[in-house]
Amino acid sequence: MLATDTNEIEAALAAIGTGSAEKIKTRLYTERITVFNEQARANAIAALPAAIRNHRVTQGKLLRRVEPLLTQVLQLHERTRASQQPELFLFAHDTPTAQLWRGCVLLVSTGLAEPLYDGELAGIFAHELGHVYFEDEMTTVQQRSNAQAMHVIELKCDAVAMLSVKLLGYNPVLYLKGLQRIQVINKQKGLSSGLFQSHPELVARAQFAERLIKSLG
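Numbering (the working numbering), first residue to last: 1 to 217.
These aren't lab readings, by the way, just hints derived from the structure by calculation.
All of these numbers come straight from a predicted model, not from anything done at the bench.
A hint or two may mislead.
[As the list claims (entries may be wrong)] Cut-off 20 Å, straight-line C-alpha distance, at most; resulting in silico cross-link-like pairs (SDA-like, lysine to any residue):
#, residue 1, residue 2
1, Lys61, His93
2, Lys61, Ala92
3, Lys25, Pro115
4, Lys177, His199
5, Lys177, Gln75
6, Lys23, Gly169
7, Lys187, His93
8, Lys23, Leu88
9, Lys214, Tyr170
10, Lys187, Glu114
11, Lys189, Trp101
12, Lys177, Ala113
13, Lys61, Leu88
14, Lys214, Leu167
15, Lys61, Gly17
16, Lys23, Leu76
17, Lys189, Thr110
18, Lys25, Val203
19, Lys214, Ser198
20, Lys25, Gln75
21, Lys177, Lys187
22, Lys214, Ala11
23, Lys25, Glu78
24, Lys25, Glu114
25, Lys23, Leu74
26, Lys189, Phe91
27, Lys25, Glu137
28, Lys189, His93
29, Lys177, Pro115
30, Lys187, Ser198
All chains, full assembly: derive it from the sequences and hints.
Set out below in structure tokens:
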């Protein structure tokens, strides 16, 4: 692992702080939340590439499984009002991917939702939701094209994910297992790792996860 990876891990851990899961939750979940109305979500969906927009999954067993998982994560983050909730957009595609599109639409591919276990998938949802907490910071970093600072933000989103998984009653290590599962699927199918392109290397994320999980107890 590179020295830059170690620096990113230390910076993320310092930003998150230490203590019990509840104490860390209190610190993280008090960050500002951007609120979007129904029109904003409609505009975001209209702006999706046709390859995604035209392949939305609107019914079926997978959607019925995914929707309650997202609801649990949103409730944990006290997103109980519709104006605070991203709209779930499940779409048919083999590549495992998830993205919080324009801050108000959670894109989830069937290639991600089908193979992951509930705890793993809940962690992915929480990671994407975590971007909202660090939106202002992300905007500044993107404008400056600072890859290392972006990696720190992604690690903090990993912390949001693992904390959420733990508070939902799962083992937080499931989130890391989900990331590893995605990487294996990509290699097996010869797919590009689109979900990880702006993230630290998985080995760095694993070390960060190990240290954070120890602090959560």
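Given the hint that Lys25 pairs with Glu137, does the C-alpha gap stay at or below 20 Å? Judged against 20 Å, a Cα distance of about 19 Å means the pair holds.
Take a quick look at whether Lys61 and Leu88 sit within 20 Å of each other, Cα to Cα. Since the Cα atoms of Lys61 and Leu88 sit roughly 15 Å apart, the hinted pair holds (cutoff 20 Å).
Need the status of pair Lys61, Ala92: alpha-carbon distance at most 20 Å? holds, 13 Å
Below or equal to 20 Å on CA atoms is what counts here, so check Lys23 against Leu76. Holds - the C-alpha atoms of Leu76 and Lys23 are around 14 Å apart, at most 20 Å.
Has the given pair, Lys177 with His199, been kept, meaning a C-alpha gap of at most 20 Å? Cα-Cα ~16 Å, so holds.
Pair hint Lys214 and Ser198, alpha-carbon separation not exceeding 20 Å: violated, 26 Å
Pair hint outcome, Lys61 versus His93 [Cα-Cα no greater than 20 Å]: It holds: about 16 Å lies between the C-alpha atoms, which stays within 20 Å.
Just to be careful, I want the Cα atoms of Lys214 and Tyr170 compared with a cutoff of 20 Å; is the pair within it? The given pair, whose Cα atoms are some 15 Å apart, holds under the 20 Å limit.
For Lys25 and Glu78, compute the direct alpha-carbon distance and say whether it is at most 20 Å. Judged against 20 Å, a Cα distance of about 11 Å means the pair holds.
For a C-alpha distance cap of 20 Å, please report whether Lys25 and Glu114 respect it. This hinted pair is violated, its Cα atoms lying about 29 Å apart.
Take a quick look at whether Lys25 and Val203 sit within 20 Å of each other, Cα to Cα. With a Cα-Cα distance of about 25 Å, the restraint between Lys25 and Val203 is violated, given a limit of 20 Å.
Need the status of pair Lys214, Leu167: alpha-carbon distance at most 20 Å? holds, 15 Å
The structure fails hints 3, 5, 8, 11, 15, 18, 19 and 24 (numbered hints given earlier, in ascending order).
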